[in-house]
Amino acid sequence: MRGYGRAVGDTAFHLQQDVPVPKPNQGEALVRVLLAGICATDLEIVKGYKAGFHGILGHEFVGTVVSANGDSSGAFPTGTRVVGEINICCSRVDCRACQSGDLVLKRNHCENRKVLGIFNHNQGAFSEYLTMPLENLHVVPDKISSRIAAFTEPFAAACRIIEQNLIQPGDKVAVIGDGRLGLLIALVFCLTCEENNLTLIGKHEEKMNILESNQIKKIVLDDDTKIASDSFDIVIVATGNIVVLYIFVYPFYT
Numbered sequence: 001m002r003g004y005g006r007a008v009g010d011t012a013f014h015l016q017q018d019v020p021v022p023k024p025n026q027g028e029a030l031v032r033v034l035l036a037g038i039c040a041t042d043l044e045i046v047k048g049y050k051a052g053f054h055g056i057l058g059h060e061f062v063g064t065v066v067s068a069n070g071d072s073s074g075a076f077p078t079g080t081r082v083v084g085e086i087n088i089c090c091s092r093v094d095c096r097a098c099q100s101g102d103l104v105l106k107r108n109h110c111e112n113r114k115v116l117g118i119f120n121h122n123q124g125a126f127s128e129y130l131t132m133p134l135e136n137l138h139v140v141p142d143k144i145s146s147r148i149a150a151f152t153e154p155f156a157a158a159c160r161i162i163e164q165n166l167i168q169p170g171d172k173v174a175v176i177g178d179g180r181l182g183l184l185i186a187l188v189f190c191l192t193c194e195e196n197n198l199t200l201i202g203k204h205e206e207k208m209n210i211l212e213s214n215q216i217k218k219i220v221l222d223d224d225t226k227i228a229s230d231s232f233d234i235v236i237v238a239t240g241n242i243v244v245l246y247i248f249v250y251p252f253y254t
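Here full-length UniProt numbering is used: position 99 in the sequence shown is 99, and no number is missing along the way.
You may find that some hints are simply not true.
Derived pair list, reagent style DSSO-like, types lysine-lysine, alpha-carbon separation capped at 30 angstroms [stated by the list, open to error]:
hint	residue 1	residue 2
1	Lys114	Lys23
2	Lys50	Lys207
3	Lys50	Lys23
4	Lys172	Lys218
5	Lys172	Lys207
6	Lys207	Lys217
7	Lys217	Lys203
What the hints contain is simulated information worked out from the structure, not anything from laboratory work. Keep in mind that this is a model prediction, so the values were computed, not measured.
With the hints as extra help, turn the sequences into a complete structure.
Below you can see the structure in the form of structure tokens.
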């Protein structure tokens, strides 16, 4: 099959024509990739982030089940459209997170976890097929198109911020970054937080205007703009540049 990545011994990423089709182990499914999303993490890996990465990139995907092995395989008949959680846990008996009984703790804090197409995992979604644990798969409802379903992973990342319950009623919240993740975070915040006090900060007015909500205050910055007038209780950085925290967050806040 074809796949985009970097083979062992190669110095550059490229489209490979002869990648072996992976074989699912017990408790896994073989998935045919329909669509895959390109995010900043993928681009940074190509530029040199995770310098030792070898394998196929990609972690945002929607696909169809080709085959499934395991006790819960009946939930994923051939042809079922699925998306997948990217953190693949070890499930070892000596792993405190995996044995905690807390699924959120397991998925986010397993010390031995693999991350699809990013970390300790070399068979990502920029390929024709991939394998995933059945417990990581979610069926896509018929009413959701594959193009929308491909956004599930970054949308889930945005939801995770709200799930952590760090934002309290009345907090002044800033989302910094007008890329896909920043816009999704702002959208989830508006949909889930009754007391909305949100400011979206970015460099591209046309991107921020994709969000039509009147509940969001928007600040457009130029490269040489300095902000001194506003500080916030909660600052969510969706740019990869943590320096902005020191500019926008109140002292001793988050």
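Checked hints:
| no. | hint | in the structure |
| --- | --- | --- |
| 1 | Lys114 x Lys23 | holds, 17 angstroms |
| 2 | Lys50 x Lys207 | holds, 29 angstroms |
| 3 | Lys50 x Lys23 | holds, 26 angstroms |
| 4 | Lys172 x Lys218 | holds, 13 angstroms |
| 5 | Lys172 x Lys207 | holds, 22 angstroms |
| 6 | Lys207 x Lys217 | holds, 14 angstroms |
| 7 | Lys217 x Lys203 | holds, 14 angstroms |
Going down the numbered hints, you'll see the structure goes against none, and every one checks out.
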